[in-house]
Amino acid sequence: MSTPSAVREQALVTAFVRLADTLVADYDVIELFHALCGDCVALLGADAAGLLLTDQRGALQVVSASTEAANLVELFQLQAEEGPCLDCFRTSAQVHAGDLATDTRWPRFAALADDNGFTAVHALPMRLRGETIGALNLFHRNRTDMSVDELAIGQALADVATIAILSDRNTRERERLTEQLQAALTSRVIIEQAKGVLAERGQIPLDEAFTRLRSHARSTQQRLSDLARAVTDGSLDTTPLLR
Amino acid sequence: MGGGCEVDQARLSQALADAVAAGGAESALAVCRACVEWLPMTGASITMMTVAEVQEPVCATDAVSARIDELQFGLGDGPCVESFRTGRAVLVPDIADPAETRWPVFASAAAATGARGMFVFPLQVGGARIGVLDCYRDVPGPLTDEDVTGALRTADAAVWSLLDHGRTGSDGEPEPAGAVDGSALTRAEVHQATGMIMAQARLGAPDALARLRAHSFRVGRTITEVADDVVARRLRLSPDGVWSTTGGGNPTDRATPSDDPVDPRSRDDEEKS
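Protein sequences, first through last, are from chains U and H. Using our numbering, you'd call the opening residue of the first sequence number 11 and step up by one each time. Using our numbering, you'd call the opening residue of the second sequence number 34 and step up by one each time.
Isolated chain U (complex conformation) (with noise of 0.2 Å):
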């Protein structure tokens, strides 16, 4: 009953459930994104796992990732330059690097993976319809294969990823897509501002800014993006965020 394939399918239940639950729902899309990335470490034993999306401008942004680790957002961010993200994004297909001390195809990215402890790599594209929107990216610090059916479920996560950026039954669809784009990247340009403000207030680091931000919308149970925006805008007393 409580072999370690029905502990995870428990899991995956769950966080399918959860998933399901907060599309139907009016939803904040950082959010649930965040929340993806945290399933991919717990469902795939990834030991991170970060969010690229297009900004079409021609470049791939970091829009969420399982840790706000500033090296390993660096790591995320590289990748609009070279790395097996940019490769996910631009061929539309994984990417598997298993170990990356053996791959040569992305020296400056394996040299940086690896100053930070990871090993392999793995990139899902996100896709809709012929269309690719950005990347799934995990990482392991072991050489790590993934099996089939991990994958599987990352694609799965992936594809609901892609999902919720255009989840809205509205026929003018291109429109809706650079609205939903252009939104998640506002988003996380306002987090990393409300990071900026928290972090200068409390004399505290941008991760444990981010921290405190996420746990207070949980707390006081407002969207990520709407707290940030109130930390922005200085309509928001911060104090209670920095106690």
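Keep in mind that the hints were calculated from the coordinates and are not lab data. Given the structure is predicted, the values throughout are model-derived calculations rather than measurements. Ideal Cβ placement from N, Cα and C applies to all residues, glycine included. Any given hint could turn out to be false.
[Stated by the list, open to error] These stretches of chain U come out as covered by chain H in the derived footprint (C-beta under 8 Å, 3 or more residues): (1) 17–30; (2) 61–67; (3) 186–195; (4) 207–214.
[As the list claims (entries may be wrong)] Output of the computed footprint for chain U on chain H, the stretches with three or more beta carbons under 8 Å from beta carbons of chain U: (5) 116–124; (6) 158–164; (7) 221–229.
Add chain H to chain U, keeping to what the hints say.
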């Protein structure tokens, strides 16, 4: 769509960089002209949002563009007004399409202008809306991916041009000269630094970003490099508008990275709440 003429992104980007680098009052108009020259748009205009959410027309490439904005803000209805209100891009393939029912008041007035496709992009610094870029063309049809890419790049350039608009000299910073760091708006550090400066100097996001940018020009470094110094707490902006490096709070124009160990406590205790 038909015709298959591809957007020359390289030429567009160069024209936008030149427009922004020129700085000053003409900068915004030069951005709009680049948009019309290199993208399949008939006209373009920029409207700025001043304090208290008041609209201020900044520039337009032609009379129709100006008229479209004027009509919308007069009627309080239309894609431009909607983008202004929501901070979202509003892309209308054909304003004359009977199935397009979103702006009943504006639609009939728009028909008289000859505009068909209308594409509005918000100009913002994070959550702070500073204006909109309003493009139109006299043929109906949706934007291609290439068109969207070009228009978004135009909007980024328009943000930089608005940050200069009406601010030059007011804060003692010189007028920017030299190419804008095109990728700056994509860097997390730039936004984090903007947030830190907002808290340090009690500024809104657009002013904080404008100060960051002006300082980068002044010291001859990229905005990303200067942002890195702010994030690493090597550089800060005081409430009275003076930049200083950490370790003594001595005002300096040179933002050379300090060799001093970064001590997060070596700061003036200025925040009350």
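Unmet hints by their number, sorted upward, for this structure | Structure breaks hint 1 only.
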